[in-house]
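Visitor: Chain B: place on chain A using the hints.
Residues per chain are reported as follows:
Protein chains: 2
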Amino acid sequence: MLKKITIKDIANIVGVSTTTVSQILNNKGQRFSEETKQKVFQAVEKYDYSPDYFAKNMVQRESRTVGMIVPDVTDLFFSKVIEGVETYLNRKDYMLLLCNSKHSTEMERGFIKQLQNRSVAGIILASPNALELEKKMKHLPYILIDRGLNTREQGNILVNEYDGFYNSVKYLIDAGHTKIGMLTNETGYYEMTDRFVAYQKCLKDHGLEFHSEFVEDGPVTIHGGYVATRELLKRADISALCCGNDQMAIGAYRAAFDQGIVIPDDLSIIGFDNLEITGYLNPPLTTVEQPAFDIGYTAAEYMLHAINFPDKMIPNKLYQTKFILRDSVKVFDR
Amino acid sequence: MLKKITIKDIANIVGVSTTTVSQILNNKGQRFSEETKQKVFQAVEKYDYSPDYFAKNMVQRESRTVGMIVPDVTDLFFSKVIEGVETYLNRKDYMLLLCNSKHSTEMERGFIKQLQNRSVAGIILASPNALELEKKMKHLPYILIDRGLNTREQGNILVNEYDGFYNSVKYLIDAGHTKIGMLTNETGYYEMTDRFVAYQKCLKDHGLEFHSEFVEDGPVTIHGGYVATRELLKRADISALCCGNDQMAIGAYRAAFDQGIVIPDDLSIIGFDNLEITGYLNPPLTTVEQPAFDIGYTAAEYMLHAINFPDKMIPNKLYQTKFILRDSVKVFDR
Numbered sequence: 109m110l111k112k113i114t115i116k117d118i119a120n121i122v123g124v125s126t127t128t129v130s131q132i133l134n135n136k137g138q139r140f141s142e143e144t145k146q147k148v149f150q151a152v153e154k155y156d157y158s159p160d161y162f163a164k165n166m167v168q169r170e171s172r173t174v175g176m177i178v179p180d181v182t183d184l185f186f187s188k189v190i191e192g193v194e195t196y197l198n199r200k201d202y203m204l205l206l207c208n209s210k211h212s213t214e215m216e217r218g219f220i221k222q223l224q225n226r227s228v229a230g231i232i233l234a235s236p237n238a239l240e241l242e243k244k245m246k247h248l249p250y251i252l253i254d255r256g257l258n259t260r261e262q263g264n265i266l267v268n269e270y271d272g273f274y275n276s277v278k279y280l281i282d283a284g285h286t287k288i289g290m291l292t293n294e295t296g297y298y299e300m301t302d303r304f305v306a307y308q309k310c311l312k313d314h315g316l317e318f319h320s321e322f323v324e325d326g327p328v329t330i331h332g333g334y335v336a337t338r339e340l341l342k343r344a345d346i347s348a349l350c351c352g353n354d355q356m357a358i359g360a361y362r363a364a365f366d367q368g369i370v371i372p373d374d375l376s377i378i379g380f381d382n383l384e385i386t387g388y389l390n391p392p393l394t395t396v397e398q399p400a401f402d403i404g405y406t407a408a409e410y411m412l413h414a415i416n417f418p419d420k421m422i423p424n425k426l427y428q429t430k431f432i433l434r435d436s437v438k439v440f441d442r
Numbered sequence: 109m110l111k112k113i114t115i116k117d118i119a120n121i122v123g124v125s126t127t128t129v130s131q132i133l134n135n136k137g138q139r140f141s142e143e144t145k146q147k148v149f150q151a152v153e154k155y156d157y158s159p160d161y162f163a164k165n166m167v168q169r170e171s172r173t174v175g176m177i178v179p180d181v182t183d184l185f186f187s188k189v190i191e192g193v194e195t196y197l198n199r200k201d202y203m204l205l206l207c208n209s210k211h212s213t214e215m216e217r218g219f220i221k222q223l224q225n226r227s228v229a230g231i232i233l234a235s236p237n238a239l240e241l242e243k244k245m246k247h248l249p250y251i252l253i254d255r256g257l258n259t260r261e262q263g264n265i266l267v268n269e270y271d272g273f274y275n276s277v278k279y280l281i282d283a284g285h286t287k288i289g290m291l292t293n294e295t296g297y298y299e300m301t302d303r304f305v306a307y308q309k310c311l312k313d314h315g316l317e318f319h320s321e322f323v324e325d326g327p328v329t330i331h332g333g334y335v336a337t338r339e340l341l342k343r344a345d346i347s348a349l350c351c352g353n354d355q356m357a358i359g360a361y362r363a364a365f366d367q368g369i370v371i372p373d374d375l376s377i378i379g380f381d382n383l384e385i386t387g388y389l390n391p392p393l394t395t396v397e398q399p400a401f402d403i404g405y406t407a408a409e410y411m412l413h414a415i416n417f418p419d420k421m422i423p424n425k426l427y428q429t430k431f432i433l434r435d436s437v438k439v440f441d442r
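Protein chains in written order, with our numbering: chain A, 109 to 442; chain B, 109 to 442.
For reference, chain A alone in the conformation it holds in the complex:
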């Protein structure tokens, strides 16, 4: 095996100190000339030098990896969150150990243990389950994207889903709709309690009665939305449908098409998330934007804050949503 090139070798080749090399490679080399920086980068490239995190690990127990657990890597919302996390971590020379819990609490528990065994610097957890985390995480920092289910004082990233959903229902009422259905998910993993409560409250605030037969529960997937809408349309005479998320709305479109129901003339539909694809549907879907990429990016930012300043509080963040008006809602003349 060839002798491994060291930071000292690089310093000698370029003719600078090891501190200079180290600072330039760690993005702390602002005070050095462009020429010096280029020389260092060229030498690093030419001699294939790389700092050995593995060796570092043994001494510092610093893996420069962050674990992340999501309920479904193929979910269009979570894949944007992952992209945000990865983008921030990458800029900071951290890497991402990704775990797909497939909506299982048991798998989440297993992953938390496995990630600790691999000495991650922290865990970002996208989960709506109450998991007794304080005990499980020991002294490991963690950031929650969990709809506030694991209450603590710091490191919570939340979205004001209540207001977002309330505004959607209000928009439908203002447009003249009185028979408004909802696709929700109250029994499964991806609980939508806030959205469901907002739906009920908004109806009440506007003097409309709540009909339980206007609500259908189902998995938060395209297929789930398809099946739920098909069931709902069998029994409920509704003119509008608020869907728990965009994927359900895409399924609702299909269920309507199958029955020759025209959107929005016969049925108005609103989604939630503002996935890229919703702007391309026919008709383009009116929906509520959640900043998925930003949520991930901020979670990673807070994670590194927690790792680097273990004695400081981790910030909290509450995102507001944005109503995205497109063409899937009929406005009645009053």
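Among the clues, some could well be false.
Copies of the same chain look alike in the list, so a pair counts if it fits in one copy or across any two.
Subject to a maximum C-alpha distance of 30 Å in a straight line, what follows is the list of computed DSSO-like cross-link-like pairs (lysine-lysine) [said to hold, decoys possible]:
1. K246 / K154
2. K243 / K420
3. K147 / K420
4. K116 / K210
5. K145 / K244
Source of the hints: derived by calculation from the structure; they are not laboratory data.
Guide: For chain B alone, coordinates are given in the frame of chain A:
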């Protein structure tokens, strides 16, 4: 800090040897009774025992992590591949370090280095770039999902895209279409050379002339397909459009809708990938299935084969595609 529970403690509690515990925990305990296995699992649960991979690392240099580099984690095809990889690894107690190269060769190179610094056991690389991998990977095993661009004798997972695309074009010709366009990507990262060559060859085999103005190049995204189709429809009088992938086809739908073009009456469209959503479009999209989950699952399986049997050849696999007939193609009476 509490004394950490060891494998010896577990063995004493259950009343078996440490070898027995080790074999049961490593899924090599077939010869032990169900009762013994349950006792071991219960003790492990109760006393919160977990093998310390970090300590193991120091001795065995075995991280039980596999690196994976994909061009885009939010791409609907790759997120299914990731799900397949993660599913297999998880069953084998391995974890996944995920890297998002954002279509950049430079980032791929950086990740290969960073993954090695973190002592991954191997790398799964989804990339269509020629990367001089033999040199870069040193002695690390790797599996390629790369359309055959980095030619080697083992560990290649390929899809017969040529035949898949050829069959689509042939289907259109058999249905009576003679003016068939294509959305492709020849200049960017996600090269579709096989699909483009199949398109040209199929036209030729059936006595149809190739018109370069019937082809438009663009990014392999929904928006890319939208823009490309809009341009194509300005200049080309086509009755059918073969899209390089499903995401482009979704964009093509939108571009057609915008101009009042009815699918399939005025324009037939075929995609490639068979993403879940394509069955829910209006009309449901005729497309070509690639086994994305299986590709990922098999890549992970081959990876562990390579890790565990470093002296054996890694298998190769060539997947065939499947034509999925739905409602986006008009069949002319002959």
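Visitor: Of the numbered hints stated previously, which ones are contradicted by the structure, given in increasing order?
Guide: Checked against the structure, the hints that fail are numbers 3, 4, while the rest are satisfied.
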